Amino acid sequence: MSSARQPNDSALFEYLLRLGDDRLILGHRLSEWCGHGPVLEEDIALANVALDLVGQAANFLRLAGTVEGKGRDEDTLAYFRDAIEYRNAKLVELPNGDYGRTIVRQFLFDAWSVLLLERLQRSSHVELAGIAAKAYKEARYHVRHSGEWLLRLGDGTEESHRRAQTALDELWPYTGELLMADEIDKQLAGTILPASAELASAWRDAVGDVIRRATLTQPADGHMHSGGRQGRHTEHLGHALDEMQILARSHPGAKW
Amino acid sequence: MVSQESTATGEPALLDVLRTVLDPEVPVLNVVELGIIRNVERAGDGTVVVDVTPTYSGCPAMRVIEEEIVAAFHTHGHDRVEIRTVYSPTWTTDWLTDEAKAKLRAYGIAPPGTVSREAQPLVPLTSSVRQVACPYCGSKNTERKSEFGSTACKAIYYCKACQQPFEEFKPI
Numbered sequence: 001m002s003s004a005r006q007p008n009d010s011a012l013f014e015y016l017l018r019l020g021d022d023r024l025i026l027g028h029r030l031s032e033w034c035g036h037g038p039v040l041e042e043d044i045a046l047a048n049v050a051l052d053l054v055g056q057a058a059n060f061l062r063l064a065g066t067v068e069g070k071g072r073d074e075d076t077l078a079y080f081r082d083a084i085e086y087r088n089a090k091l092v093e094l095p096n097g098d099y100g101r102t103i104v105r106q107f108l109f110d111a112w113s114v115l116l117l118e119r120l121q122r123s124s125h126v127e128l129a130g131i132a133a134k135a136y137k138e139a140r141y142h143v144r145h146s147g148e149w150l151l152r153l154g155d156g157t158e159e160s161h162r163r164a165q166t167a168l169d170e171l172w173p174y175t176g177e178l179l180m181a182d183e184i185d186k187q188l189a190g191t192i193l194p195a196s197a198e199l200a201s202a203w204r205d206a207v208g209d210v211i212r213r214a215t216l217t218q219p220a221d222g223h224m225h226s227g228g229r230q231g232r233h234t235e236h237l238g239h240a241l242d243e244m245q246i247l248a249r250s251h252p253g254a255k256w
Numbered sequence: 001m002v003s004q005e006s007t008a009t010g011e012p013a014l015l016d017v018l019r020t021v022l023d024p025e026v027p028v029l030n031v032v033e034l035g036i037i038r039n040v041e042r043a044g045d046g047t048v049v050v051d052v053t054p055t056y057s058g059c060p061a062m063r064v065i066e067e068e069i070v071a072a073f074h075t076h077g078h079d080r081v082e083i084r085t086v087y088s089p090t091w092t093t094d095w096l097t098d099e100a101k102a103k104l105r106a107y108g109i110a111p112p113g114t115v116s117r118e119a120q121p122l123v124p125l126t127s128s129v130r131q132v133a134c135p136y137c138g139s140k141n142t143e144r145k146s147e148f149g150s151t152a153c154k155a156i157y158y159c160k161a162c163q164q165p166f167e168e169f170k171p172i
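If you read the protein sequences in the order shown, they are chains A and B. The working numbering puts the first sequence at residues 1 to 256. The working numbering puts the second sequence at residues 1 to 172.
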């Protein structure tokens, strides 16, 4: 357990919220597919990935609450913060769209997440490293799943290719926020966090390779959306939170 | 590759209590066999302290298991129980004993093979599906239908020899 508060604690708290919120919101989005998947196996797959992501989020948010030291647990952080207090990247809050769009978003995230978690296993923060090591094992099969589907969709029929390419073109401007390093990252880089430039370059290599094999065209890096890490979100996050939080807020402390 | 760390440590009598707690999702394995118990000991004030490591980050059975561990100790006269979650070292199916694997097979779940230590590309070009023997007829003429099954820990297979669908406890 972390003992006395360290100088970096507020940066670490912010960073843990980012790790937790990315996974919580994406997990919630994927859970929306439950009962609506294109085939039964995919319905189950997306629900499984959603469960892993929400579980990872709970672990990161629990640690965030401990680091913050104000008695907030993972449920309080998940259910009783408003959109402006959420620190997820905008990519994960966007609506699912069709299955192809969901897969493209998932792959862009999974490729980043697996590479980040791989590096976070070596974090100097022991608890963060332990949670990351567990999540890394899961991220390995997540990216295999979304990556294999991206290959099928891109290199599949004319329609699946067109839909995957459209999604890639529309989502690409949201990837910059994953790779961007701000003051929080800089404060923690080197010991608690991996160097962000190296991570960004590993992500570009991995993603570029799969896009090429999927016979898709990698969009040019133009304007990149940002602001999610600072709590400035799209309108979509508020709607997602309404649904996710209504039960806990209507019946605080309810057990079932 | 079973390391020394894989074995739960602690007082034998306390471990015996833990052996009465079954995995609710796979009720032929107890929590010690599952490899999630890291250590159990009695603190100075008599509190039983159990170190548990989760299987999957989001496994909903973990909370049930924790409640059942507390209940089992209460039944055996230990009123004060503390459960601590530990993440390192990370749980692996390599910690399942041979006996546990035999129990899984008898229950109709293909046991996990040894976790591969070879470096794999993030997205393999050709699917690198391992050969898994059917738990019913033993045939290796099986096909993986999905890497995702009814719980986080299982994949769905189909046996072409005896034409039975079955689940595999995934190596991780």
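Keep in mind that the hints were calculated from the coordinates and are not lab data. Be aware that one or more of the hints could be misleading.
Result set (DSS-like, lysine-lysine): computed pairs, CA atoms no more than 30 Å apart in a straight line [what the hints assert, rightly or not]:
| id | chain 1 | residue 1 | chain 2 | residue 2 |
| --- | --- | --- | --- | --- |
| 1 | A | Lys-137 | B | Lys-145 |
| 2 | B | Lys-101 | A | Lys-137 |
| 3 | B | Lys-145 | A | Lys-255 |
Partial chain A-side listing against chain B, Cβ under 8 Å, derived [said to hold, decoys possible]:
| id | residue |
| --- | --- |
| 4 | His-36 |
| 5 | Gly-37 |
| 6 | Ile-44 |
| 7 | Val-143 |
| 8 | Gly-190 |
| 9 | Leu-247 |
Note that the structure is predicted; figures quoted are calculated from it, not measured. For glycine and all other residues, C-beta sits at the position ideal for the given N, C-alpha and C.
Hint check:
Between Lys-137 (chain A) and Lys-145 (chain B) the alpha-carbon distance is near 21 Å, which keeps this suggested pair within the 30 Å criterion. This hinted pair checks out: Lys-101 (chain B) and Lys-137 (chain A) have alpha carbons roughly 21 Å apart, not beyond 30 Å. For the suggested pair Lys-145 (chain B) and Lys-255 (chain A), the alpha carbons sit about 37 Å apart, so the restraint of at most 30 Å is broken. Below 8 Å, beta-carbon pairs count as interface contacts, and His-36 (chain A) has none with chain B, the closest being about 16 Å; its hint is therefore violated.
Checking Gly-37 (chain A) against chain B: minimum C-beta separation of about 11 Å lies over 8 Å; hint violated. For the restraint placing Ile-44 (chain A) at the interface with chain B, the shortest Cβ-Cβ distance is roughly 5 Å, inside the 8 Å limit, so the hint holds. Annotation: interface hint on Val-143 (chain A) holds; nearest CB of chain B at approximately 5 Å, less than 8 Å. The closest approach between the C-beta of Gly-190 (chain A) and any C-beta of chain B is roughly 21 Å, which is over the 8 Å cut-off, so the hint fails.
The beta carbon of Leu-247 (chain A) is not positioned within 8 Å of any beta carbon in chain B (closest approach about 17 Å), and the interface hint is therefore violated.
Of the numbered hints stated above, those contradicted by the structure are hints 3, 4, 5, 8 and 9, listed in ascending order.
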